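Colleague: Chains as they are written, first to last, in full-length UniProt numbering: chain A, 1 to 448; chain B, 1 to 338; chain C, 1 to 382.
These are calculated hints, taken from the structure and not from any lab test.
Treat each hint with caution, since some may be false.
[To be verified] Result set (DSSO-like, lysine-lysine): computed pairs, CA atoms no more than 30 Å apart in a straight line:
#1 B/55 x A/75
#2 A/311 x B/146
#3 A/282 x A/170
#4 A/333 x B/303
#5 B/303 x A/170
#6 A/311 x B/76
#7 B/145 x A/311
#8 B/76 x A/304
[As the list claims (entries may be wrong)] Computed list of chain C residues with no C-beta within reach of chain B, every gap over 10 Å:
#9 15
#10 158
#11 225
[Said to hold, decoys possible] Examples of chain B residues lying across from chain C (beta carbon under 10 Å, computed):
#12 141
#13 205
#14 209
Since we're looking at a predicted model, the values are computed, not measured.
Backbone N, C-alpha and C fix where the C-beta goes; we use that ideal spot for every residue, glycine too.
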Amino acid sequence: MSKLIFNRRGILKVGAAGGVALAAPMHFVKGAFAEDMSCNMPTGDTVTLGFNVPQSGPYADEGADELRAYQLAVKHLNGEGDGGMMNTFTSKALKGNGILGKKVAYVTGDTQTKSDAARDSAKRMIEKEGAVMITGGSSSGVAVAVQGLCQEMGIIFMAGLTHSNDTTGKDKKRYGFRHFFNAYQSGVALGPVLKEEYGTDRRAYHLTADYTWGWTQEESIKNTTEALGWETVATVRTPVGAGDYSQYITPVLNSGADVLILNHYGKDMVNSLTQAIQFGLKDKQVNGKNFEIIVPLFSRLMAKGAGDNIKGILGTTNWNWSLDDDASQAFVKSFGAEYGAPPSQAAHTCYVQTLLYADACERAGTFFAPKVIEALEDFEFDGMGNGPTLYRGADHQCMKSALVVKGNENKQSEYDLLKVVKVVDRETLTYDPAIFGGDLGPSDAKKC
Amino acid sequence: MDAIIIQILNGLDKGAAYALIALGLTLVFGTLGVVNFAHGALFMLGAFCAVTFNKIITWPIQPPKAEGQLFAPPAKPWFEYAFGDLGASIINWSVPISILLAIPVMLLIGLAMERGLIRHFYKRAHADQILVTFGLAIVLQEIVKKFFGANPLPQNAPAMFNGTADIASWFGLTDMFIVYPWWRLIYFLFSLLVIGAVFAFLQFTTYGMVVRAGMRDRETVGLLGINIERRFTVVFGIASVVAGLAGVMYTPILPPDYHLGMDFLVLSFVVVVVGGMGSLPGAVLAGFLLGILQSFASMNEVKGILPGIDQIIIYLVAVTILLTMPRGLMGRKGVMED
Amino acid sequence: MFGNLSRNDWLLVLGFAIVVLVSPWTLTPFGAGYPALLQKFCIFGIFAMGFNILFGLTGYLSFGHAAFLGVGSYAAVWSFKLFTMNVIPAVIFGVLFAGIFAVVIGFVSLRRSGIYFSILTLAFAQMSYNLAYSVLTPITNGETGLQLTLQDPRIIDNAFITPGEGLPQTDLFGIPMNGYPGFYFCAVALIICFFLTLRIFRSPFGMMLRAIKSNQNRMRYTGFNTRPYLLTAFIISGMYAGLAGSLMAVTDPLAGAERMQWTASGEVVLMTILGGVGTLIGPILGAGVIKYFENIFSSFNDRILEQLFSFLPDAAREVAVWFTGLFVGEGWHLTLGVVFMLIVIFLPGGIMEGLQRIYNRLGGGSGPGAGAPDTAAAQPAE
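Whole structure, please, built from the sequences with the hints as guidance.
Modeller: As structure tokens, this is what we get:
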């Protein structure tokens, strides 16, 4: 059974001694405050990681791909398989004998892409199954919610796919780390390409998913395009999961806009893009220019759902399997040999996050959370598919390159859906962490 | 002005889908008195009939992997291999053609459902009916998920229906810009056709007349020595086919996934209740009404005044109608009130 | 109105309290002995029990009960943010706001009955959910859910103590409300609610509600105005939901909009019917079973299954893993669906009816046993 400890503040606050008596099961209190103990530090010969991915709901396929990546990472950490990106990773702390000599085991949970459910399953993995680290997720709402929980429980959270500025902005946490890029960086990356391809005299119409991620992306893209000299005709909020978006697309026809920007992700993106193309937007001529559609955040799995409609459409991704650097190729080869299909960007991020955590433990020489956090903060590395990368200490956001991609017009294989237009380098994408505010909070160890 | 006309068109087009789904739902309720929460799942199964048909005829034949390539080049569907141009055009027309598959399949599913499950729930409480059909809906969608995955599977309309129709020019209105996608217009016409066929069947055939009589007073019809049970089974089959057809033709508009049925379930119930439980014309009317209202509520001008109105309009209308017209638009007295 | 409990009833409350309080020990062998899940058992037990007061006694099927749960959560989290981390005010606010919300929705919805009532409640709940998710984000924090932040005013706490580093925890006069103390807090709430429910069941008021269920028209013809009774039942039931919602916030101070979605309302209906409509203990059992499934079954993955079937030869193991894999892990919804169908088809009275049947078969005679005093009596046909 689990343990219970009063935090320092709680003890200070105990005014009524009777209150203490109420906390009857004192025998749950195990051990004393040791300086180097944090929540769920492994004591046996295995270390348990918690993989919290959507297994049901709209992102189930993405979750399945994330899980595949985690399983592959666990294999590589334990010294099975060909080692994947462990061979290209510049830090050589990992030896293929687990983490700190302990064999890596894992538990899984279903986030259902709901904040509540995700926190429940994270809690289960922490309280019951003794996970020392939680990772995964494929939406920003879930990432922010689970990150908050992990901060409270003193468990490190290595975020999976989350693109909102808030995750490492106003909601950033000391215990939360994000490898994935964000909406702001998408905007910065897209800007020059948009200028080059579509010019500076454009009128943009935004359809935006009506929740926090949608809003931050709309804002970031709007700032970028307006800086190019584009005019924003309208920004329309659409409900999440509406299915049929035609009633939001019809007003675009007569609005005088010549660019449609879809700030949707997942199923919503598949639906709205399919329908926009049905309404003939891509064949339209407005103001003497070809009408264009932009999807700022792309994913290969979603591109697959949109079928041929994705052809020629610009967007950004964190990573794509067609990259030809050694690290990406090693990963694709290893993943492809295992599962018969190339990994998605979500899989890549999840794989990298697992390796980074393991590596940080090795370098810190302990699982003690504050020390691991220290090892991750301002960690500079390469060989993980995105070029030289910095895990920035100020906001726990990875500073690295990102890709501008285009829906592939003539694909070489079933998976060859996105064509890399430009690799935007890290310097361009680096920004001042102060612009999003937020506060990391303390890193003091918690007992759980 | 142009914008308003397009929005009306859009409302009719959305309403067509609502009306089709609600029609089958209310048909089952009106005849059998069963609240069928699995109706959305039938819609979803219809859509997956199209997916399955497409999968079968486009079963890929893999060209050999070239040297040094990690993943093989795109495969070619075997229909194209086997039948050349004819095969290609069948693939092109796969969505409408899969109606031929969907009708028998959905009929069988409907009959099996009625015989195997629904029949035993005629005399049970509505809550039990809701629960058992809800359970069935979950089972059906999870099975579909197991086979087809959770991602949406895009289906293409025949190439000649891609793009938009210039409606303004049909009426010689050269100064207006009114275009609408061909396939959505076809969906609208198709729904009118199906609705018309169902009404004609009930109105002009003796079989339909007996069913209608059964809807009014089941016992008396039974006493007349007519096997009303069997006819009701057939009605359930028809409802299932209607839902299936609505699903098949909807696939090019909305790439189907396993959750499609649940997405439409709540909405279709609202439509049925607004129309009046058990009233077929009510369901159709309410479907189009809600479609048009939703379309208008989504306009930027309206949202500017009432933010968020597009997200709640359907429910707002439902509440208003139920409070002012206790039995919906065209409901009869005494249905579902105890 | 109250004060009519028999000795057996008191024993029942006592027995129930003991079972609940020792559950951390008894449930450990089943893999359910950890605080987060135990808290869920209590919270959803309260939710389902409250729902049963409306549905089980009056037969009015609300499809929007999750809205009250959500309101309770939001109110509680706001209490943490604005005033104090102490859970007592949070719970009071949660119950209060849910109650007010229930007055409004109940007053309107109860003008209709049957499925029209269901759709009205559904419509209100969906409106609340949709707005909470998007337009009302300043109040609800939308998709992410309302969370504590370092910038919260917390005027009462801050007046007495200087805040420590990091986010504070919810507490009851100094005892932090996570882990096992949180469970015991919920457990006490559950026991109190159970006691109140028992009294309602045994009171003339409860009798009146049952009369409404069996024949409302007859009640009306005798010149009896049923609506105030229905509204009272609706509000009580809404307040139970609000309590459940605020307890969710107490054990985990985050309120997400999804808990107001119609599927969440559907879940409580399923719990109640699974356990046994109109019975005292049934809904709590139903809630426990569903939450257990959700937590335990969804955590199974192929690796665990491989270990489970490791005694089998390779080929057989693969088949066994594949087949069980359909029902656990990502397939646990399928299990849920199948179980529901089976229960509704073969055991319309839910788990309680099943227990009753077993009890009868074991020679327990025809009278209801002490552990299941209400099963047979409160299960009239529609």
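Colleague: Work down the list of hints and note, for each, if the structure agrees.
Modeller: Evaluation of the provided hints:
no., hint, verdict
1, B/55 x A/75, "34 Å, violated"
2, A/311 x B/146, "29 Å, holds"
3, A/282 x A/170, "37 Å, violated"
4, A/333 x B/303, "50 Å, violated"
5, B/303 x A/170, "28 Å, holds"
6, A/311 x B/76, "19 Å, holds"
7, B/145 x A/311, "27 Å, holds"
8, B/76 x A/304, "17 Å, holds"
9, 15, "30 Å, holds"
10, 158, "34 Å, holds"
11, 225, "18 Å, holds"
12, 141, "8 Å, holds"
13, 205, "30 Å, violated"
14, 209, "27 Å, violated"
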